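There are 2 protein chains.
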Amino acid sequence: MAEDASEELLLAAAFVSDAQYNRNIPFKTSPEAVRLYYLYNHWIMRAATYFFIFLNLSLAVFEEPAVYPLPFLATSLVEVLCLLVFFGRLTHFAKITPRNVFWKDTKNICIVVAILLSLTDLAIYGALRIYNIKSIRWSRIARPIFLINFAESRQIRRAFRSIRNTLPEITYVFLLFMFSLLMFSLMALKLFGERNLQTAEGLPYFRNYLEIVFDLYVLVTTANSPDVMMPAFDFSSWYALFFIAFVIVNTYIFMSLFLAVVYNNYKKHLKNEIRKLAYMKHRKMIEAFNLLKEEEGAQPVVREARWKQLVKLVAPDISNSHRELLLRISDDEQKGFIDKKSFVQLADLLNIQVITLKIRSHPLGQWMPHVYKSAVSQFLRSMVRHRFDTLIIFAALTATILNTTLRSTTKYNSQQILDIVFILRVLRLIRIVDSIQRFRVIMNTLINIVPTMLTFGGLTLVVYCIFAIIGMELFHGKIEFFPANSNAPYALECGNPALKDSLFARGKYCKNNFNNFASSFIVLMELTVVNQWHVFANGFANVTAQPAKLYFIAFHIVMVIIIVNIFVSFILEAFFVEYSLEKSEVETAIEQKIQELGMGVQEEVLQDEQLLDNMESAEHNLEGEVGTKTQPRGLVFKIASKRYRTVDALLQRMFEAEIPPEDEGPSFEEILNLSPTAASPSHLTSERAV
Amino acid sequence: MAEDASEELLLAAAFVSDAQYNRNIPFKTSPEAVRLYYLYNHWIMRAATYFFIFLNLSLAVFEEPAVYPLPFLATSLVEVLCLLVFFGRLTHFAKITPRNVFWKDTKNICIVVAILLSLTDLAIYGALRIYNIKSIRWSRIARPIFLINFAESRQIRRAFRSIRNTLPEITYVFLLFMFSLLMFSLMALKLFGERNLQTAEGLPYFRNYLEIVFDLYVLVTTANSPDVMMPAFDFSSWYALFFIAFVIVNTYIFMSLFLAVVYNNYKKHLKNEIRKLAYMKHRKMIEAFNLLKEEEGAQPVVREARWKQLVKLVAPDISNSHRELLLRISDDEQKGFIDKKSFVQLADLLNIQVITLKIRSHPLGQWMPHVYKSAVSQFLRSMVRHRFDTLIIFAALTATILNTTLRSTTKYNSQQILDIVFILRVLRLIRIVDSIQRFRVIMNTLINIVPTMLTFGGLTLVVYCIFAIIGMELFHGKIEFFPANSNAPYALECGNPALKDSLFARGKYCKNNFNNFASSFIVLMELTVVNQWHVFANGFANVTAQPAKLYFIAFHIVMVIIIVNIFVSFILEAFFVEYSLEKSEVETAIEQKIQELGMGVQEEVLQDEQLLDNMESAEHNLEGEVGTKTQPRGLVFKIASKRYRTVDALLQRMFEAEIPPEDEGPSFEEILNLSPTAASPSHLTSERAV
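Protein sequences appear in the order of chains A and B.
Going by this note's numbering, the letters in the first sequence line up with residues 785 to 1474, in that order.
Going by this note's numbering, the letters in the second sequence line up with residues 785 to 1474, in that order.
Check before you lean on any hint, since a few could be wrong.
Copies of the same chain are indistinguishable here, so a pair counts whether it falls within one copy or spans any two.
Within a straight-line C-alpha distance of at most 25 Å, the following computed DMTMM-like cross-link-like pairs (lysine to aspartate or glutamate) qualify [what the hints assert, rightly or not]:
| # | residue 1 | residue 2 |
| --- | --- | --- |
| 1 | Lys1262 | Asp1018 |
| 2 | Lys1052 | Asp1132 |
| 3 | Lys1292 | Asp1018 |
| 4 | Lys1284 | Glu1257 |
| 5 | Lys1284 | Asp905 |
| 6 | Lys1292 | Glu936 |
| 7 | Lys1262 | Glu848 |
Rather than coming from a laboratory, the hints here were simulated on the basis of the structure.
Computed from a predicted model, the values in this text were never measured in an experiment.
Use the sequences and the hints to build the structure in full.
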């Protein structure tokens, strides 16, 4: 019975933990499966998975065409190792999840297929290599699949789902836009085609319909403005009107419309996802409650002792005093048990970072006040307090030492590195900026979006990887970079006579090529910034064939029209949320409780203490300044700045206000009738959706 | 007494008309003032004012530096004429508005000052001209004041107010952005300054701090990407990271933040304005009601006869049947009078375009069925039905005739014009696109934003005018355009040796100069598109002095960061409204009434009739197709497509849902206690605010 109870506790803790971190993995509820599930979620396992995913992706740097060449044997061995790890992780997952659920999930099937494909391709490539036949490692394009499809990457998957949902509407706008583009091109052909005009490079101007369509598409991105207009404008000023109309309709109106459609869908879609997450969280908390509940009168409750065991299991790192605080909030009237309503709150409570402030003077100050107040001690203390600055000063010191060492052994002068470190010192100004109230909303937005930038980083990585691998197959070796004083033939034309007199060669863009993974990434980054992308497109089309431009157009549509717009939508929404919301309900409840218990610390005390300390967030040592208010336990609590949140928390906050209060009616009854095992199939549906 | 009643009616009609068109002019309520007010609002007077405003603005085309030079005497006479008209209009306004109100309104003071300044400047310039001393017509910069400050331009004024309200927040973001820019520039100087790198043009790379700041500012706008990076990138690939970080922080994050701040303020501000407008509308309707009310039992009401007189005065153009319909809606139970609640609705009712459909066969069809059904007649009928196409065919015909005539008299071949007309014919495809439901939301948005584009056109015109006039003073004659085969000295350097080897000359941008008003506008348009703006800035700085770049930076901040972002905000909001709202409440009420009265026409009948007829909106002749449902009067009504709205109506719809239902409580009582004259001071406050 006791063992049974501890197993129930373990299962309940797994539910609570899943609710806290918004994990939606349908695991079996047998004791062994639950233990395996704990192992599966252990941070070392997760970190290892990520490590091998990125190792697998970074293989492209070492494989031909390589930035740092390694023998084929080495890279293929590492790849096999990665694939084995992925297979192991998947097997682990298969053991904790019901079999039918496992095989219905496209994510798992994707991973299995990708592993098999990669192995097959590797074998074929290796075999052909022995006979010196050069083939293409086409399965490399499948590598980002691992990044997307492992359960860890739900943020990236959500972003992809958001894109997929936006596609139909984008398509409609895109069709209209293409219609407009084709019409304008037809007009341009009729207007300018027979005037025998020439571009600044002396080429025929607006003679070929397809070229006009490309040129005007480039004009929509503004990259060839005003060059594309100049020949016509020089001929007659009135022709400028054609281009003005074109830019207004296509660049300003249609491009804004793309943003509007993406933003609208992004918001709508995100709201749905968050609603689903909130629903799942609630459901898991109810299941945990049902596992632990006992009868108290007619009311099902969880007793204090069990609750404490649960919290210790779920959050082993929080301090005793913090746990006491949570208990006081959950068991408001100190009845010795927690009812369902309060219990369900636990996941949210655990997500709020509460800072424990120790009100006591430094032991050294008590024992050796003389030493403590000495100049050296004060210097050390101020150093600790200004951790940020101290770090920089130490970095500068290290750099100076490194610099001196380097200078004595090599001829390299790293004065610059030291300069940079001192500039970082100037960044201290940010803290002053931050202390001004008007800048805070802006700074908060900026800091809050950093974690989500990682999601977009992942998204971008996937798109870049795919395009880089295609790009390397298409354009590898066509354009080469030679140092300034090289004697190679056609050094000025990037080693390719087809680029003679081209804007590409004239702009000295030779180093922008697809000769290895790193270069490809930089080219794609430049294409994302958009400017001069037509010079790249023309350059690479010149050294291969004209249809190569399609590669660049496709990249522009995927990256700029879709992903950058989603990024902009996210920033817009994040700013609006930061601007309009102040604190969430649960946070307010906790703060109120802290105040009620008389364990709060006045905001002003912290703010007055040191204007520049705002950036520092970890445990403060108030060192007696607050000690004048004698607290029974010598402890005060403070909610951590709302700056440090998880991505999901920020997203949930975005739509918290608009989500109806958890569809109390039917779902409650439904959940109460469900045993944990019976609930699994519904987990499945939501897992496939979330 | 009868005369008194008609004067009251006139005054009430003025209130209702003001409410209908959202005019907020505080006029005196004396009978003469009301008559003058009617004259003031007459469309001819308003059109004349606009005509002279634009005539005054377009003088810049004919004054030195002129596109089409006219003698100084001619332009100055026209200017004096314009100023006289403005003075007359202002005097007219002074007569209808209370004196103290008139002088408290900054708009009027602005106009008076602008008139005086212009006259003084003109006199000085003329006097100096007699002695052949060349001076600057600095007062020309004041001309847009007339466009902004006459009561007709309230949309433009609202846009300017919106900008002014956004400025403080923009400033905070801008300061942070400048801080980031300066930090990155400092880092760039330290990183690259001592490496002795060279740009593609062979100039020193990143040596001077101010130049770095400018180059990196240009990089924020992406205009010099990737050129600015290439020298460092060629030196070491790792340096690309610096530029990637820079672009992410400044281009992607900060520029999105600018959009977020502008959009947020735009929305907030617009909501306030619309709330004020709705309040003022309500208030004016109450005042009109109080003028016309009689007692019916204990309830104050307006009798049917008076109501009809009022509607005839306010909207003389609507048909009798339409007026009957409005009466039936207002006097729901046919009691012979209208109560206050229904009366207040009148302004909204009048704003809804109701189409009267005549259900009768064509008289010719009744009298001469043979002729009516002949092929020629059917052709003519189909022509009338497809008005759009017919217009184009006639245009093509006219063009052909014109073409033949021209060809016989001159050598000019206008085949192209004819081609264009035939391309317009292809635009008929738009109607097919429009008939597909999924494209309709997009098309509706596009059509709805057209009128508001005029506001942005006005805004842009004002900014362009000011910058063009300054630009002409700064850069006039410095850069000149020579035709391709010119023998002028330095023809390839735009007539200025300072441009030798510059990107400006190499791009053949010579025609982009500030030598006259039209050229300046085109340069400013190109600067708005952003691409290559640094080439312009450097070019004009080369022929004058380096600080000239500030002119271009200022233009970028005003036009791109502020106005274009407001434009994008408007399109975003318009799209969301179109997407989420379907019909307003009042429209629904009218439609319901039409259906109740059995005078409605089924949507399907109209849609089935002719798929392609969707674009045609005026009175339909259903020609018996609907006649099968015999209507007592042979008339059916239909609400005009929601496409054809005024700007204010669209704006009001934007926030209608969010506006609280007209603060019924205190304002009602307050208004009831106010006589029309006593209400004037409050009009004043709102007029200054709206």
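Taking the hints in turn, this is what the structure says about them:
1. Lys1262 to Asp1018: between (36 Å within a copy, 18 Å between copies)
2. Lys1052 to Asp1132: Answer is within; shortest intra-copy Cα gap is 24 Å, inter-copy 32 Å.
3. Lys1292 to Asp1018: The answer is between: 9 Å across copies meets 25 Å, while 28 Å in one copy does not.
4. Lys1284 to Glu1257: within (23 Å within a copy, 42 Å between copies)
5. Lys1284 to Asp905: Answer is neither; intra-copy 39 Å and inter-copy 57 Å both fail.
6. Lys1292 to Glu936: For lysine 1292 and glutamate 936, neither the intra-copy (43 Å) nor the inter-copy (55 Å) Cα distance is at most 25 Å.
7. Lys1262 to Glu848: This pair counts as within: shortest intra-copy Cα distance 15 Å, inter-copy 55 Å.
The earlier numbered hints that this structure contradicts are 5 and 6.
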